[in-house]
Amino acid sequence: MTEAVGARLGARYAVPSGWQVATLVERRAESPSAETLVLDVPGWPGHQAGQHLDLRLTAPDGYTAERSYSLASAPPRSDSTLSSTLLADSSLPASSLPGSALPNTALSSATPSGSGRVEVTVQRVRDGEVSPYLVDDFPPGSAIEVRGPIGGWFVWDPAIDAGTPVFLLAGGSGLVPVMSMARARREAGDRTPFRLIYSVRTPEDRLYTDELDALTARSDGFEARTIFTRAVSLTALRGPRRLTSSELASWGWPPELEPRVYVCGPTGFVEAVSRMLVAQGHDPARIRTERFGPASG
Amino acid sequence: MTSATTPAPGGPDPVGLDHGLGATLTPGFRGRARPEGVALPPGQYAEEGFPVLSAGPTPNVDTSTWSFAVINEAGATKSWTWAELMALPQDEPTVDIHCVTRWSKFATRWRGVSLDVLLADVESTADFAMVGSYGGYTTNLPVADLLGGKAWIAHTFDGAPLHPEHGGPARLLVPHLYFWKSAKWVRSLTLMPMDRPGFWEKLGYHDLGDPWREQRYQGD
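Chain order of the listed sequences is A and B. Number 930 marks the last residue of the first sequence (this note's numbering); no jumps. Number 769 marks the last residue of the second sequence (this note's numbering); no jumps.
Where hints are given, some of them may not hold.
[Unchecked claim] Computed from the model, here is a short list of chain B residues facing chain A with C-beta under 10 Å:
| no. | residue |
| --- | --- |
| 1 | 574 |
| 2 | 580 |
| 3 | 581 |
| 4 | 586 |
| 5 | 588 |
| 6 | 603 |
| 7 | 612 |
| 8 | 687 |
| 9 | 691 |
| 10 | 693 |
| 11 | 762 |
| 12 | 765 |
In short, the hints are calculated from the structure, not lab data. Yeah, the Cβ is synthetic: ideal placement off N, Cα and C, and Gly gets one too.
I would like the entire structure built from these sequences, with the hints used as guidance.
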C-alpha cells in the first residue's frame with residue numbers, strides 16, 4: 634500500500650467502533666443553565682463541524698445511559714486536502730492519528746487547543762436524566778466513555794463546502810453545532826458568506842455571546858443576529874417574539890442565491906422556520922435540519 | 550483498549566485504572582429509576598413523548614394525489630391510491646418503537662396495512678428493498694424484515710390521522726428495527742437483488758439496525 638492513499642471513500646463517514654474513555658479536563662459556564670465540557674479524547678480522529686459525540690454514563694450498579702451531544706469545538710486543524718479523507722477515517726492505524734510521532738505535518742499540527750481535545754456544550758433539561766448531572770455534578774478529572782464523531786448530514790466542511798453562501802438558523806441550544814461551523818470557518822481562514830439567526834428565550838440564556846460578537850466584528854463575511862422570544866432588555870428595540878417571516882426574508886439570503894441552509898433547534902422551531910423557508914422559495918433539498926425532541930436530556 | 554489507561558505524562562492518572570466495568574466512570578451518576586415491566590434494548594431509555602427527527606423540512610403530501618408503488622427487480626410497478634389503501638384489510642398493531650437517538654416508546658397504537666397484504670402478489674426473488682419517501686428520503690431493509698406480520702404502511706397513530714411531522718399521511722412502520730427504517734412520508738418500495746445503502750446508511754448508519762443487537766452504526 635502506498636502512503637496516504639489507504640483511505641476508502643466509504644470510510645469518510647465510518648464511525649469509530651467501540652467506546653473509549655475520555656477525561657473531563659475543564660468546564661466553562663456558558664449561561665446559568667449550560668456548560669461547555671472540554672474532553673480529552675486520546676487519538677481523536679478529527680471531525681467535521683456539525684457532527685456529534687455519543688456519551689455513555691455509568692451508575693454504580695452498572696446501569697448505563699447514552700446520549701448524543703453536538704460537538705461545539707472547531708475540527709482539529711489539518712491540511713485542507715487531507716481533511717476530507719482523514720477526518721473520521723477509522724481505518725487508519727492508531728499510529729497515524731494526531732498526537733503520534735508520525736512525520737506528517739498536517740496531522741501533527743493537531744488542534745489549536747491541544748491534541749485530542751473536543752468540546753460539547755450541554756444545556757440542562759428540566760427533569761432530564763443525563764444533562765443535570767453533566768451540567769451540575771460531573772467533576773473535572775473524571776472519566777466518561779465516548780464514541781464518535783458521528784453524523785455526516787448536518788455538517789459543513791470548509792475543504793468541501795466553501796464558496797456557497799450559508800444561512801444558519803439556530804434555536805436555543807441548537808446553536809451548538811452551528812457554532813462549530815462558524816468556528817471551523819474562522820479556524821480555516823475561510824471567507825464563505827455566513828448569516829446566522831439565533832433565536833433564544835432571554836438574554837441570559839444566550840450562549841457564546843462574546844465570541845459571536847467577535848466573529849461579527851471581524852467583518853469578514855460573518856453576520857449574526859440574535860432575537861429573544863420570551864424577554865428582552867429594557868433598551869431593546871425589538872419586543873420578545875418568535876422569528877417572523879419578514880425577518881427571515883430580510884436577514885437571510887434570497888433563495889435565488891441558492892444558499893445552503895442549516896436549521897437546528899427544538900422541533901417547533903425547526904418546523905416553523907423550515908416551513909417559512911420553503912414558502913419563500915428555498916429548495917427543500919438545500920435545507921438540512923437537526924431537531925431535538927421535547928425529552929432529549 | 551485505549552491509551553487512557555496510561556497515566557498522562559506529568560499528570561496523575563485520571564480517576565482510576567479500572568475502566569473495565571465502570572466503577573470509576575462518571576462518579577456520582579445514578580440515572581433514573583430503572584423502568585420495570587418493560588424490555589428496554591441496550592443503550593435506550595423510555596420516553597413518554599413522541600420526539601420528531603427528520604433530515605429536512607416536512608413535506609406537504611396530499612392524500613388526493615398520494616400513491617404507494619412497489620417496483621420489482623424487473624421494473625414492474627404495482628401501485629395503490631389512498632382510497633385503494635384504505636379499502637384493504639387494516640391491522641391495528643400496538644408495538645414498542647426504538648429510535649437510534651436512544652429513546653424508546655412503549656405500546657404505541659397504530660392502524661395500517663400489513664406489507665404481507667401489499668407484497669402478496671408481487672413477483673420477486675429479491676432479498677432487499679429500498680424504501681423511498683416524498684421529500685427524497687430513502688432507507689434499505691431486507692425483505693425478510695418486511696414480511697411475516699412485522700411491517701405496515703401506517704396512517705393512523707393513537708386513533709388520529711398520522712401528523713405530517715411524524716410521517717403523515719402514511720409512513721412505513723417496522724418496529725423491530727431502529728425507527729429510521731420506518732420511513733416517513735412513504736411513497737415507494739423498490740425490490741433489489743443486492744443490498745444498497747439508503748440515506749442514513751450511506752452516512753454511516755447500520756444496514757439492518759436491530760436495536761436488540763445495538764446495530765446503530767456500520768460495523769456494529
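* To do: Check each numbered hint against the structure and report the violated ones by number, ascending.
  => 4, 5, 7, 8, 9, 10 and 11
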